[in-house]
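*Asks:* Each chain, written out:
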Amino acid sequence: MELIDLYIAGIGVILFGGVFSLPLPDRMKSLVVALFTGCGAALVVYVSINVLFLSDPVSARYVLSYPAGTVPVVVDRLAAFFSLIVSAMSFIGTLYAIGYMRPYCGTGRPVASHFFFLSVLVASMLAVTAVQNVVAFLVVWEIMSLSSFFLVAFENEREDVYHASINYLIAMHVGVLFLIGGFLAASLESGSFDFSSFPQAFGENRTLANLVFVLLFVGFGTKAGFVPFHTWLPKAHPAAPSHVSGLMSGIMIKTGIYGILRVIGLIGNPGAEIAYMVLAVSIVSGVLGVAYAIAQHNIKRLLAYHSVENIGIIGMGIGLGMLGLAYGNTPLAVLGFAGGTLHVLNHSLFKSLLFFAAGGVYQKTHLLDIEKLGGIVKFMTFTAVSFLVGSIAISGLPPFNGFVSEFFIYWGMLKGLSSSNILLVIVMVLSFSALAFIGAMALLCFTKVFGVVFLGMPRSRYHEEPAEVSLTMKAAMALQMLFIVMIGMLPQYAFRGVSVVVQALLPGESGLFDTSPYIATLGGVSGGLIAFVAVFAAVFLLRTMLLRNRSVQAYKTWDCGYQAGNARMQYTASSYAAPFLRVMIPFFSWKVRLKKPAGLFPDAAHYESHAEDRFESAVINPLVSLIERFLNAFTWIQSGSTQQYILYGLIFLIAITLWIMVV
Amino acid sequence: MPETIINIALLFALPFFFLGIINRVKSFWAGRQGPPMMQPLRDFVKLMKKGEVISTTSSFVFRIAPSATFASVIAAGLVVPLAGGRSALSFEADFILFAYLLGIGKFLTIIGALDTGSSFEGMGASREAAFSALVEPAFFMIIGSLGIISGGMTFERLFVIARSGGPAVLVLPLGFIALFIMLLAEGCRVPVDDPNTHLELTMIHEVMVLDNSGPDMGMIMYAAGMKMIIIGALIANLFIPSGIPFWASLGLFVAVEAALAVVIGTVESVMARLRMTHVPQFLLFMTAISVVILSTVVLFISGGIQ
Numbered sequence: 001m002e003l004i005d006l007y008i009a010g011i012g013v014i015l016f017g018g019v020f021s022l023p024l025p026d027r028m029k030s031l032v033v034a035l036f037t038g039c040g041a042a043l044v045v046y047v048s049i050n051v052l053f054l055s056d057p058v059s060a061r062y063v064l065s066y067p068a069g070t071v072p073v074v075v076d077r078l079a080a081f082f083s084l085i086v087s088a089m090s091f092i093g094t095l096y097a098i099g100y101m102r103p104y105c106g107t108g109r110p111v112a113s114h115f116f117f118l119s120v121l122v123a124s125m126l127a128v129t130a131v132q133n134v135v136a137f138l139v140v141w142e143i144m145s146l147s148s149f150f151l152v153a154f155e156n157e158r159e160d161v162y163h164a165s166i167n168y169l170i171a172m173h174v175g176v177l178f179l180i181g182g183f184l185a186a187s188l189e190s191g192s193f194d195f196s197s198f199p200q201a202f203g204e205n206r207t208l209a210n211l212v213f214v215l216l217f218v219g220f221g222t223k224a225g226f227v228p229f230h231t232w233l234p235k236a237h238p239a240a241p242s243h244v245s246g247l248m249s250g251i252m253i254k255t256g257i258y259g260i261l262r263v264i265g266l267i268g269n270p271g272a273e274i275a276y277m278v279l280a281v282s283i284v285s286g287v288l289g290v291a292y293a294i295a296q297h298n299i300k301r302l303l304a305y306h307s308v309e310n311i312g313i314i315g316m317g318i319g320l321g322m323l324g325l326a327y328g329n330t331p332l333a334v335l336g337f338a339g340g341t342l343h344v345l346n347h348s349l350f351k352s353l354l355f356f357a358a359g360g361v362y363q364k365t366h367l368l369d370i371e372k373l374g375g376i377v378k379f380m381t382f383t384a385v386s387f388l389v390g391s392i393a394i395s396g397l398p399p400f401n402g403f404v405s406e407f408f409i410y411w412g413m414l415k416g417l418s419s420s421n422i423l424l425v426i427v428m429v430l431s432f433s434a435l436a437f438i439g440a441m442a443l444l445c446f447t448k449v450f451g452v453v454f455l456g457m458p459r460s461r462y463h464e465e466p467a468e469v470s471l472t473m474k475a476a477m478a479l480q481m482l483f484i485v486m487i488g489m490l491p492q493y494a495f496r497g498v499s500v501v502v503q504a505l506l507p508g509e510s511g512l513f514d515t516s517p518y519i520a521t522l523g524g525v526s527g528g529l530i531a532f533v534a535v536f537a538a539v540f541l542l543r544t545m546l547l548r549n550r551s552v553q554a555y556k557t558w559d560c561g562y563q564a565g566n567a568r569m570q571y572t573a574s575s576y577a578a579p580f581l582r583v584m585i586p587f588f589s590w591k592v593r594l595k596k597p598a599g600l601f602p603d604a605a606h607y608e609s610h611a612e613d614r615f616e617s618a619v620i621n622p623l624v625s626l627i628e629r630f631l632n633a634f635t636w637i638q639s640g641s642t643q644q645y646i647l648y649g650l651i652f653l654i655a656i657t658l659w660i661m662v663v
Numbered sequence: 001m002p003e004t005i006i007n008i009a010l011l012f013a014l015p016f017f018f019l020g021i022i023n024r025v026k027s028f029w030a031g032r033q034g035p036p037m038m039q040p041l042r043d044f045v046k047l048m049k050k051g052e053v054i055s056t057t058s059s060f061v062f063r064i065a066p067s068a069t070f071a072s073v074i075a076a077g078l079v080v081p082l083a084g085g086r087s088a089l090s091f092e093a094d095f096i097l098f099a100y101l102l103g104i105g106k107f108l109t110i111i112g113a114l115d116t117g118s119s120f121e122g123m124g125a126s127r128e129a130a131f132s133a134l135v136e137p138a139f140f141m142i143i144g145s146l147g148i149i150s151g152g153m154t155f156e157r158l159f160v161i162a163r164s165g166g167p168a169v170l171v172l173p174l175g176f177i178a179l180f181i182m183l184l185a186e187g188c189r190v191p192v193d194d195p196n197t198h199l200e201l202t203m204i205h206e207v208m209v210l211d212n213s214g215p216d217m218g219m220i221m222y223a224a225g226m227k228m229i230i231i232g233a234l235i236a237n238l239f240i241p242s243g244i245p246f247w248a249s250l251g252l253f254v255a256v257e258a259a260l261a262v263v264i265g266t267v268e269s270v271m272a273r274l275r276m277t278h279v280p281q282f283l284l285f286m287t288a289i290s291v292v293i294l295s296t297v298v299l300f301i302s303g304g305i306q
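In order, the protein sequence lines correspond to chains P and D. Residues in the first sequence are numbered consecutively from 1, following this note's numbering. Residues in the second sequence are numbered consecutively from 1, following this note's numbering.
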């Protein structure tokens with residue numbers, strides 16, 4: 001059996017798991033889906049690792065009927081890298097789902113369709129990375145969007161979930177419109193739906209290549225969540241069940257990144273203007289994503305905004321790589337693409353870990369509003385540790401994996417400094433500073449979330465004492481933490497891993513760059529990180545030894561002499577974020593509702609403030625209402641009267657008959 | 001190798017002298033006799049001998065945060081070039097690891113403070129996080145600008161060539177001002193923060209460690225002093241010429257650090273802490289200077305300034 005057949009078989013196994021789970025009792029479904037996804041994922045991982053490190057790309061061609069024609073299924077290094085992430089993370093996600101979905105089983109919820117569409121989503125994501133024919137690609141892309149729509153709409157009796165899922169569905173279809181446009185423009189020029197026919201067409205017509213890139217960037221960027229196409233993310237993620245949020249944020253939005261990298265590969269070298277555009281959009285996404293996240297109080301909404309931030313960081317890496325290609329600066333290209341692709345992997349690890357931990361808190365407390373939480377660490381220590389590891393990693397801090405990919409990106413920018421092109425040099429220093437700003441804001445945001453949710457005392461009465469999450473959920477989180485620490489401590493191996501993908505992205509000779517100088521430096525980084533951990537271990541051991549035979553008293557927190565402090569007097573998330581948000585005020589539209597105390601005997605006063613996404617209120621909403629007004633002109637078509645609809649059918653039949661007779 | 005050992009010894013020894021000098025300078029300006037030079041060391045030893053009182057609200061985070069912060073500052077000290085412009089651990093782009101090690105220290109201090117559930121400590125944590133978000137971009141812009149002229153990608157090379165390059169006349173004094181602001185902000189000194197204040201509402205760093213005691217408190221103090229030495233080392237490296245013998249460089253290094261302590265003590269004696277709402281403006285001044293540094297460097301390499 002050839003590798004490509006194993007790959008297809010893997011997708012088949014995953015899909016079969018979904019179908020097979022349908023008639024089973026609710027409690028069995030999650031186990032079956034996890035089992036089949038695990039087996040399918042193992043096959044896909046085997047093929048992907050083979051393709052990445054041992055063999056050449058593998059491919060097969062399937063002849064389908066009109067309009068697709070011959071569909072090439074190719075697992076090259078780029079596809080293998082993304083398949084590896086998708087399959088491994090999906091397995092971890094289904095493992096988590098076993099515990100997470102248990103309370104929903106037997107409650108009359110659509111658990112059956114949930115697990116079916118979960119399998120379909122995983123299978124379609126794997127198909128997206130491998131299919132290289134325009135029509136087939138758009139079909140599997142659409143299946144991916146639709147299956148995730150059904151997953152988001154799991155609790156559709158809740159009004160917010162209903163609206164969020166419809167919003168998601170619309171955003172995806174606006175995005176796919178750009179994809180269709182871009183791909184059709186390319187196909188018309190090359191005369192074929194096959195991706196492999198594009199490079200030649202792009203080579204002959206640069207204007208077309210640029211146009212196609214911009215169209216596809218908008219289309220894929222909508223999936224990935226670049227600003228200003230990000231508005232669906234903060235709605236859809238809080239609505240979806242946590243493992244679905246984890247899978248969507250961790251891997252599904254990365255198919256957008258896959259698409260962008262695939263297009264770069266097809267175009268070869270998109271040129272400096274396009275690269276600057278990608279970099280600019282990414283920096284804006286990174287800065288605004290985290291700035292908006294700081295203002296959020298719903299933990300999953302906050303995490304969703306962080307996806308926008310991290311997509312921005314990934315995009316910065318890709319933009320740097322493209323600049324490296326455009327200016328012929330190989331180190332810049334290598335480190336940019338390496339940082340971008342590694343951050344794809346890293347983000348899928350720590351973001352799904354954060355969603356899983358947040359999901360655990362939600363499962364036990366039924367709360368997502370961080371202002372009502374607090375003190376969870378004492379009830380759910382494992383979940384708290386998971387969230388802490390994820391928080392440090394997503395803030396890009398050592399010794400975890402987020403630091404490594406950001407280090408690559410910083411380092412790439414430094415490589416761009418030696419250029420003789422003044423514009424490039426200035427842009428590099430500014431992006432250098434911007435990435436530092438993003439990192440510092442992420443630190444603020446995650447100290448806020450972790451501190452408010454897990455530390456201190458509960459800010460409201462929980463309906464029951466939160467207990468630790470189930471074993472499978474813990475196992476899923478432990479697996480992710482393992483990878484986070486490994487990549488974080490051993491960056492040289494991480495670089496070796498992504499360098500094979502980077503080699504495939506660089507055209508011609510430059511793809512054969514020497515990895516040894518990079519690996520030598522990363523050995524130094526690794527040394528620094530190991531030194532940090534070793535010193536920490538030594539210091540902590542010393543502290544423990546010192547305190548062994550001494551009095552360690554437990555006493556209440558210092559309250560400045562005031563003896564009646566209670567949990568409600570703790571610092572809140574809003575007050576924590578306020579000093580910084582005050583500096584960032586131009587980026588938000590502030591909504592304040594104030595009812596002042598008045599008179600000699602004032603009754604209840606009220607103050608409420610919301611920081612809203614300026615893009616949503618100033619760009620997206622006016623645009624949507626404009627479109628709505630235009631479309632409202634056609635509402636008479638849908639009158640609700642059956643007779644009229646029959647008339648439409650008749651008119652259509654007559655039109656078809658006429659067309660056949662005339663043409 | 002002996003140079004590395006001397007440098008590591010400096011890293012561990014200088015913080016006590018640095019704090020001692022600041023205290024003596026302050027007492028000089030106040031007309032007091034002041035504590036002995038070695039008082040910070042005595043305090044440290046005393047704290048290390050004590051037991052601890054730990055808040056009932058707190059969790060494991062509170063217990064590991066001081067040790068981890070201390071470790072992160074030590075690790076950052078291994079990367080930063082000290083006497084002779086040598087660092088114990090040097091590789092390309094090492095200053096990024098430096099900045100991020102200080103970052104993880106800050107992260108842990110903040111969550112350690114939040115772990116007590118005290119609103120005072122929450123307030124300090126919030127300020128610390130907000131102010132460091134304003135310092136970070138400026139620091140990276142300065143590093144990036146120095147990187148343009150030096151082309152050298154290690155901390156050591158960064159300063160060597162920044163000193164000898166053409167725009168040094170402008171870049172060195174501006175770099176000094178910007179890094180000095182960073183030293184005041186990161187070291188929690190006046191006018192950003194007042195280490196001697198007795199009102200919790202006006203503190204930043206001190207209020208975050210209200211509940212720490214014993215060895216943990218000792219490590220926090222030690223780490224704070226070491227952090228000032230490390231950032232002081234960046235300033236020292238701007239001025240100490242390379243190519244001189246190691247012992248001369250060592251002497252100059254210690255002299256610059258001592259001078260910085262004198263300046264900090266003087267600043268602390270002659271001015272008051274800024275109003276909390278004015279601190280961001282003071283810190284954004286550092287950003288403004290770093291933009292000027294960047295422009296100077298860019299003008300220089302594009303031939304605008306000869």
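Rather than coming from a laboratory, the hints here were simulated on the basis of the structure. Model, not experiment: these values are computed from the prediction. Some hints here could point you the wrong way.
Listed next, the in silico DSSO-like pairs over lysine-lysine satisfying Cα-Cα at most 27 Å (straight line) [as the list claims (entries may be wrong)]:
1) P/LYS595 / P/LYS474
2) P/LYS556 / D/LYS49
3) D/LYS26 / P/LYS556
4) P/LYS474 / P/LYS591
5) P/LYS595 / P/LYS378
6) P/LYS378 / P/LYS364
7) P/LYS556 / P/LYS474
8) P/LYS595 / D/LYS50
*Asks:* Each hint needs a verdict: does it hold in this structure or not?
*Replies:* Results of checking the hints against the structure:
| no. | hint | verdict |
| --- | --- | --- |
| 1 | P/LYS595 / P/LYS474 | 46 Å, violated |
| 2 | P/LYS556 / D/LYS49 | 22 Å, holds |
| 3 | D/LYS26 / P/LYS556 | 35 Å, violated |
| 4 | P/LYS474 / P/LYS591 | 40 Å, violated |
| 5 | P/LYS595 / P/LYS378 | 37 Å, violated |
| 6 | P/LYS378 / P/LYS364 | 13 Å, holds |
| 7 | P/LYS556 / P/LYS474 | 32 Å, violated |
| 8 | P/LYS595 / D/LYS50 | 52 Å, violated |
Of the hints listed earlier, those the structure fails to meet are numbers 1, 3, 4, 5, 7 and 8, in rising order.
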